[in-house]
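What follows is the residue order along each chain.
2 protein chains.
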Amino acid sequence: MIKLSDLGEFGLIKRFSQQFLQDLPGEITGIGDDCAIIPLNNKEALLYTTDMLIEDRHFVRDKITSYDLGQKSLAVNLSDIAAMGGNPKSAYLSIGIPANIELEWLDEFFRGIKDLCLQTRTYLLGGDTTKSPESLIINIGVIGIAKLSKIKRRSTAHPGDIICITDVVGDSGGGLKILLNNLPLDNDAVYLVGRHNCPKAQIEEGKWFSEREEVNAMIDVSDGIESDIHRLMESSNVGAEIEINTVPISKILRKLSEKYNWNVHEIALSGGEDYCLMLTIPEEYVDGIISKYEIKFKKPLYKIGKITGLTGKLTFIKDGKIIDFNKHGFDHFK
Amino acid sequence: MIKLSDLGEFGLIKRFSQQFLQDLPGEITGIGDDCAIIPLNNKEALLYTTDMLIEDRHFVRDKITSYDLGQKSLAVNLSDIAAMGGNPKSAYLSIGIPANIELEWLDEFFRGIKDLCLQTRTYLLGGDTTKSPESLIINIGVIGIAKLSKIKRRSTAHPGDIICITDVVGDSGGGLKILLNNLPLDNDAVYLVGRHNCPKAQIEEGKWFSEREEVNAMIDVSDGIESDIHRLMESSNVGAEIEINTVPISKILRKLSEKYNWNVHEIALSGGEDYCLMLTIPEEYVDGIISKYEIKFKKPLYKIGKITGLTGKLTFIKDGKIIDFNKHGFDHFK
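Those sequence lines, one after another, are chains A and B.
Going left to right, the first sequence walks through residues 1 to 334 as my numbering numbers them.
Going left to right, the second sequence walks through residues 1 to 334 as my numbering numbers them.
Keep in mind that the hints were calculated from the coordinates and are not lab data.
Take the hints with a grain of salt, since some may be wrong.
Which copy? The list can't say, so a pair holds if one copy fits it or any two copies do.
[Stated by the list, open to error] In silico EDC-like cross-links for lysine to aspartate or glutamate, where the CA-CA straight-line distance does not exceed 16 angstroms: (1) 114 - 243; (2) 114 - 324; (3) 292 - 188; (4) 131 - 55; (5) 3 - 102; (6) 147 - 284; (7) 89 - 23; (8) 43 - 324; (9) 306 - 23; (10) 114 - 258; (11) 298 - 284; (12) 292 - 204; (13) 3 - 108; (14) 114 - 23; (15) 321 - 258; (16) 114 - 284; (17) 150 - 214; (18) 3 - 104; (19) 313 - 55; (20) 131 - 6; (21) 14 - 107; (22) 131 - 9; (23) 150 - 211.
The model shown is predicted, which means the values in this text are computed figures rather than measured ones.
All chains should be modelled from the sequences, with the hints used to inform the complete structure.
Below, the structure written as structure tokens:
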């Protein structure tokens with residue numbers, strides 16, 4: 001008898017997604033990318049994504065303000081829309097509210113959602129409100145629109161492509177360590193906690209990349225580079241090499257990692273919840289894209305490795321040598 | 001200080017929906033009907049609805065098979081699409097899975113969803129799978145399509161309209177009583193439990209009514225006639241009179257209500273989870289619609305009352321006399 005814990009989250013999704021993928025009309029993309037893609041006509045497509053956040057699994061109520069939790073619940077979905085190069089349009093909130101929540105808490109939660117809706121011109125158009133017997137439960141779904149021919153997928157990386165990311169990674173993972181270990185909240189710690197509690201979806205960056213034909217594949221980094229590069233590799237049927245020393249890490253994370261004796265590379269590669277974008281670009285175009293990106297966004301785009309033809313094989317390189325990196329990305333069932 | 005329990009579910013929705021409704025472009029319908037309505041062009045609109053089911057609040061795991069729970073989780077959303085006269089197109093499932101769920105349970109749950117997807121040509125295109133610390137949590141969102149000019153709303157009932165419903169009511173509420181009180185599962189009881197655990201969304205009926213211009217307003221009966229007529233009254237700024245003796249009740253529910261000394265009218269009016277449709281039709285057209293409906297669907301359409309101009313006033317009439325009916329429909333926070 002197969003057990004759920006043996007399958008893991010990805011195994012479970014694979015087990016059930018196959019039956020729902022088999023009868024799908026060819027033009028629709030179902031389970032397997034950051035968003036579902038439903039063409040509306042020959043120019044535009046609808047994108048849809050959804051995320052469920054459960055108290056004590058995805059957040060601890062006294063470790064995040066309800067304003068930030070409102071923003072984060074929406075932002076993680078906007079990040080999926082960004083990863084395909086789409087424009088978010090409308091959002092839908094289901095919320096299960098336990099008896100010990102106060103109205104002031106909800107006021108701030110909705111203010112957080114509302115502010116991010118205004119910033120991103122996304123309309124909250126509906127949802128479901130119910131009482132929950134125990135935990136606070138939040139499910140947000142977002143509908144976006146994208147130009148059909150411009151959508152970026154995770155399944156179209158090519159051997160030889162350079163892997164780039166749009167931000168330093170690990171700050172969020174470091175922030176989570178601060179919270180879980182109740183470490184002192186000095187300025188550096190507060191900065192990392194802020195990066196964990198208040199991620200920004202890179203919608204403008206995603207749209208900009210979607211307009212660049214040279215970009216082959218894109219995905220958002222939600223569970224950590226190590227986990228998300230595996231998803232991209234599997235979808236694209238390729239392998240990858242990550243040059244550990246080129247993975248960008250903030251000064252603050254380096255400083256606190258030294259102070260608390262954390263493995264900074266482990267946090268950077270598999271801390272998770274970075275919500276930056278990871279993309280692959282053929283070598284001949286990558287420097288051109290990087291300079292245009294830096295002019296447009298006034299911030300760097302980082303090269304961290306290369307796509308290879310060794311299907312399924314992920315290699316980490318440090319100081320010219322292949323190294324073992326056993327820490328696996330966050331898998332919800334293992 | 002206002003408390004959550006004082007506001008109730010509807011008060012809470014009202015408190016927060018206002019801020020999200022105020023900046024809405026005119027052509028979009030947000031919170032306040034069975035579905036959100038987003039016009040795609042001048043002919044078609046997107047419909048969206050979502051429902052969250054939490055273990056021990058909306059279902060008890062050992063009182064429903066996982067196959068039926070899969071079907072019901074989808075059906076309650078399809079019923080919202082039906083209530084606007086739409087066609088369901090795609091579904092999105094977020095599921096929070098506690099450690100004590102077995103793979104066989106999930107296999108059957110997904111088989112239930114899959115079968116209803118096939119029956120209704122709805123594609124499950126995505127979702128979110130995560131571990132839940134305690135309860136099983138299911139959130140399904142459904143996207144539908146409707147002809148823009150044919151959409152039926154709950155806000156367009158007129159004084160003088162006759163109120164009709166498409167099925168007997170209370171069977172589901174009776175089934176719930178059987179389950180909660182662990183009553184013997186004889187054939188009659190099993191029938192009612194089946195009506196509770198396996199509701200059918202009336203998609204074809206909804207689409208048929210949407211093609212009839214004479215039908216002024218439509219809503220699905222999810223929380224019971226008494227609760228849902230209040231929603232329709234509030235949206236339409238009207239009142240209503242329900243003739244209790246005309247509310248259709250099945251023979252089996254009558255029989256078991258007598259046996260267990262249940263108030264059969266209370267169950268019929270506020271048991272909830274009937275998932276039939278309630279619509280309002282001007283008096284001069286109602287008999288014509290009823291005969292066409294009965295020819296088309298080979299089953300009756302029931303007249304149960306009348307829309308009045310007495311805004312906000314709901315009156316129950318029995319044997320020609322106004323009666324008090326204090327039992328309120330199911331409100332999740334009270």
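Same-copy or cross-copy closeness of residue 298 to residue 284 [CA-CA at most 16 angstroms]: Neither, since 22 angstroms and 68 angstroms both go past 16 angstroms.
Have a look at residue 3 and residue 108 and pick one of within, between, both or neither, based on CA distance no larger than 16 angstroms. Between copies, since 15 angstroms is at most 16 angstroms while 41 angstroms is not.
Copy assignment of residue 114 with residue 243, given that the CA separation must stay at most 16 angstroms: neither (40 angstroms within a copy, 43 angstroms between copies)
Between copies, within a copy, both or neither: which fits residue 131 and residue 9 at Cα up to 16 angstroms? This pair counts as between: shortest inter-copy Cα distance 8 angstroms, intra-copy 27 angstroms.
Within, between, both or neither, where residue 292 and residue 188 count as close if Cα-Cα is 16 angstroms or less: neither (32 angstroms within a copy, 72 angstroms between copies)
Taking 16 angstroms as the upper bound on the Cα-Cα distance, should residue 147 and residue 284 be classified as within, between, both, or neither? neither (26 angstroms within a copy, 49 angstroms between copies)
Up to 16 angstroms CA-CA - residue 284 versus residue 114, copy category: For residue 114 and residue 284, the Cα distance exceeds 16 angstroms both inside one copy (43 angstroms) and across copies (46 angstroms).
Could you figure out if residue 3 and residue 104 sit no more than 16 angstroms apart (CA to CA) within one copy, between two copies, both or neither? between (42 angstroms within a copy, 9 angstroms between copies)
Evaluate residue 89 and residue 23 at a C-alpha cut-off of 16 angstroms and name the case that applies: within, between, both or neither. Between copies only: 13 angstroms across chains, 28 angstroms inside a chain, cut-off 16 angstroms.
Can you tell me if residue 306 and residue 23 fall within 16 angstroms by alpha carbon in one copy, between copies, both or neither? So residue 306 and residue 23 fail the 16 angstroms test inside a copy (35 angstroms) and across (45 angstroms) alike.
Which holds for residue 114 with residue 324 at a C-alpha limit of 16 angstroms: within a copy, between copies, both or neither? For residue 114 and residue 324, the Cα distance exceeds 16 angstroms both inside one copy (45 angstroms) and across copies (42 angstroms).
For the identical chains here, do residue 3 and residue 102 meet the 16 angstroms Cα criterion within one copy, between copies, both, or neither? between (39 angstroms within a copy, 7 angstroms between copies)
Violated hints, in rising order: 1, 2, 3, 6, 8, 9, 10, 11, 15, 16, 19; the structure is consistent with all others.
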